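Use the sequences and the hints to build the structure in full.
As you go down the protein sequences, you meet chains A and B in turn.
Residues in the first sequence are numbered consecutively from 1, following the numbering used here.
Residues in the second sequence are numbered consecutively from 1001, following the numbering used here.
None of these hints come from the bench; they were simulated from the model.
Note that the structure is predicted; figures quoted are calculated from it, not measured.
We treat Cβ as the ideally placed atom computed from N, Cα and C, and that holds for glycine.
Any given hint could turn out to be false.
[Claimed, not checked] Covered stretches of chain B (in silico footprint by chain A; criterion: 3 or more residues with CB under 8 Å from a CB of chain A, positions within the stretch not fixed): (1) 1029–1042; (2) 1065–1077.
[Stated by the list, open to error] Here are the simulated distance ranges between beta carbons: (3) B/Arg1020 - A/Lys187: 46 to 52 Å; (4) A/Leu271 - B/Arg1088: 57 to 63 Å; (5) A/Arg23 - B/His1090: 27 to 33 Å.
[Said to hold, decoys possible] Facing chain B, from chain A, some residues (calculated, C-beta under 8 Å): (6) Gln17; (7) Tyr20; (8) Tyr30; (9) Arg33; (10) Leu36; (11) Asn38; (12) Asp40.
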Amino acid sequence: MAFVKTHKSKAYFKRFQVKYKRRREGKTDYRARIRLINQDKNKYNTPKYRFVVRFTNKDITAQIISASIAGDLVLASAYSHELPRYGLEVGLTNYAAAYCTGLLVARRVLKMLEMDDEYQGNIEATGEDFSVEPAESRRPFRALLDVGLVRTTTGNRVFGALKGALDGGLDIPHSDKRFAGFKKDEKQLDAEVHRNYIFGGHVASYMKTLMEDEPEKYQAHFSEYIKRGIEPDDMEEMYKKVHAAIRADPTAIKSTKQPPKERKRFNLKKLTYEERKAKLIERLNALNASASADADEDEDED
Amino acid sequence: MPAGHGLRARTRDLFSRPFRKKGYIPLTTYLRTYRIGDYVDIKVNGAVHKGMPHKFYHGRTGRVWNVTKRAIGVEINKQVGNRIIKKRIHVRVEHVQPSRCQEDFRSRVKKNDQLKAEAKARGEIISTKRRPEGPKPGFMVEGATLETVTPIPYDVVNDLKGGY
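Take a look at the structure:
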C-alpha cells in the first residue's frame, strides 16, 4: 500500500455525526432496546420488565429492569458474587453459577411482590423445558430476556441464567433451541445433558480428565477447588444445596458500608478562566526569564 | 414528464431528518404515554416509514381521540373549500409530540385558583382577568442640557456666492 498521510479535514469533523454515547462505548444495542422497551400505547403506564443478564470476567449480573424517561429503574438484582452467602464459593462465572444467579433474582422478585408461594417454579432442577402455569389469583410475573451484545449460541451461559429464572417461577417467553444440550439434528432438547450442565457436570468431567492425564495443569487450573476440598463428585450435591438455600432465603441484604465522603477523582479538574490565564502568565514569565538568561550567556560568550 | 401528485410528493426537504440527527430516534418518543383528550403536535419523522401522516398534517395540532397498540388517533381541523372539517387520522407515535399549547393556560388556571383561595382567606375580592399592557407612565428625562436654537435671517449676498 502506498504511504499516504491520513488527513481528516475540517469539513469531515464539521459533518461528523456522533453515535449515541452508549453506542460509542459499545454497551447498548439500540435496535434491540427499542424493541424491548416499546410498550403498547393502549397499555398506558404498565411497565414492561426486562430480565437483563450481563457477564463480566469475574461476575454475573442478573436484573429485572423497567424503563422510564428519567432512566431505567431496577426492580431487583442479583450478582454471582452474592453466591458465597448461599454456599457457592468457586466457579462464579460458569453455567451452573448463571443458573443460580437467575434463580436468585427470580425468587427475590417474587418474594418482593409476595408471589413466591403461588409460583414455586420448578423445585427439582431437571433439564427439561419448564414454563410457569398461571395460578388462580394472579398472573405470573412476566419479563423479557435482554442478552445485550452477546452472541446467542446454543449453550451460552445467558440461557443458563434464563433457565434459572424460569425454574424460579418467572414467565419469560423462550424456546428450548438455545439451551445446552439441544441437538440440532433431532431438533430436540436432551434434558439429561442440560441437567448435567446445570449441576456443573461439564466442569466435573473436565476435572476428572485433568486429574488422570495432566495433574500439574489440574493443580494450576482448579487450585481454588482443591483449596476448598471440592471433588468432582461432590459438585452436584453442592449445587443442590445452593439451590435449596436460595429458595429458603432470597432476600437481599443491604451493605453497611458508608459511601465515601469525598468522591475519588480519576481525571484532572477543569481549570477556570482565571486559573488558565494565570498559568499562561507564569509560563510566559518563565520563558522570558530563560530567554534573557540565554541572551546574557550569548552576550558573555561573544 | 408530468408533475406527479403521489402521497409523498414535494416532501424532499419536509420529511428529511435534520443535520446530524439521522439514524436511531431517541427512546423517549416510545416511552411517552398519551391519553384521550390530550393535545398533540404532528411532526413527521422521516426515519420511520410506517404510520406517516400526509404532508398536510405536518405541523398541525389536534386532540387525541383513540389510542391503539403503536399509534394514536388524532383529530385535526382542515379547511376544505368554504368549511372546516374535523379530520380523524391515525399516526404512529414516532410522528407525534405532546403539545405545549395548553401549558400556559393550565399554569394560569392553577395560579388563579391559588390567588383566589388566598384572597378568599383574607376576605378581599380580586380580579384575575388578564389585562393588556397600558400606556407607559410619565417620567422625567434625566441628564438633559438645554440648548436654545434660533434661526438666522436669510442673507442673499452670501448664499449666491456660487454663481447666478
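Hint-by-hint comparison with the structure:
no.	hint	result
1	1029–1042	holds (count 6)
2	1065–1077	holds (count 6)
3	B/Arg1020 - A/Lys187: 46 to 52 Å	holds (48 Å)
4	A/Leu271 - B/Arg1088: 57 to 63 Å	holds (59 Å)
5	A/Arg23 - B/His1090: 27 to 33 Å	holds (31 Å)
6	Gln17	holds (4 Å)
7	Tyr20	holds (7 Å)
8	Tyr30	holds (5 Å)
9	Arg33	holds (7 Å)
10	Leu36	violated (10 Å)
11	Asn38	holds (5 Å)
12	Asp40	holds (4 Å)
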